[in-house]
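Let the hints inform the model, and build the full structure from the sequences given.
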Amino acid sequence: DIQMTQSPSTLSASVGDRVTITCRASQYISDWLAWYQQKPGKAPKLLIYKASSLQSGVPSRFSGSGSGTEFTLTISSLQPDDFATYYCQRYNNYWAFGQGTKVEIK
Amino acid sequence: EVHLLESGGGLAQPGKSLRLSCAASGFTFSSYAMNWVRQAPGKGLEWVSAIGVSDDTFYADSVKGRFTISRDDSKNTLYLQMNSLRAEDTAIYYCAKAVIGAPPYFDYWGQGTLVTVSS
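Protein sequences, first through last, are from chains G and A. Under my numbering, the first residue of the first sequence is numbered 1, with each subsequent residue one higher. Under my numbering, the first residue of the second sequence is numbered 1001, with each subsequent residue one higher.
Don't read these hints as lab results, they were simulated from the structure. A portion of the hints provided could be inaccurate.
What the hints assert, rightly or not - Listed next, the stretches of chain G that the computed footprint assigns to chain A, with coverage defined by at least 3 CB atoms under 8 Å from CB atoms of chain A: (1) 20–32; (2) 39–46; (3) 85–91.
We treat Cβ as the ideally placed atom computed from N, Cα and C, and that holds for glycine.
See below:
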């Protein structure tokens, strides 16, 4: 199985900060990678698909990059609504998620 | 607007069974593959099972042989029959709609239903 590893597990940041989350695959997955945001008690919400494509309705401060085994999610200017947990997901050969990155208020 | 509403969760004893349902609306249900994803308390997301538009099914190793996914396109409803439940099956269970195309990711999720397995 191809494992997904996110870093960091927790990130403390302030409103207006640029935030970057990394996701690494244990094997090559091309660009079959999605990013989701989850707030406490809520369902996950799709942010990015195919590594860098922004889902409709998602603010442009969110961006994704990478290919192969290393990927990043960047929030260009952190907003109060962005404090949440973020998951990467590979979707080649079934599906698997990273362990999550919690973005908390500094 | 796409809407997914899970139901059927609750408390079950180890070894017993539960059947989850996911009622879908706002899209042509029969045209989309569907999935179940679970989240243990305080933990991350774990894909559980998928069903295609031709009733082809897929399972995570952790539930293979115990869980059965199915769909009723006439009722726009997805199901998950969970047998031989274990304590480690305790989680919120989400249904998720897949996009058309291969390989598919999940574009809409329900709010989830909590399954607790305990004696």
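Right, here's what the structure says about each hint:
1. 20–32: Answer violated; 1 residues pass the 8 Å Cβ test.
2. 39–46: It holds, with 5 qualifying residues against the three required.
3. 85–91: Satisfied; 3 residues make the cut.
Hint 1 from the list above is the single one not met by this structure.
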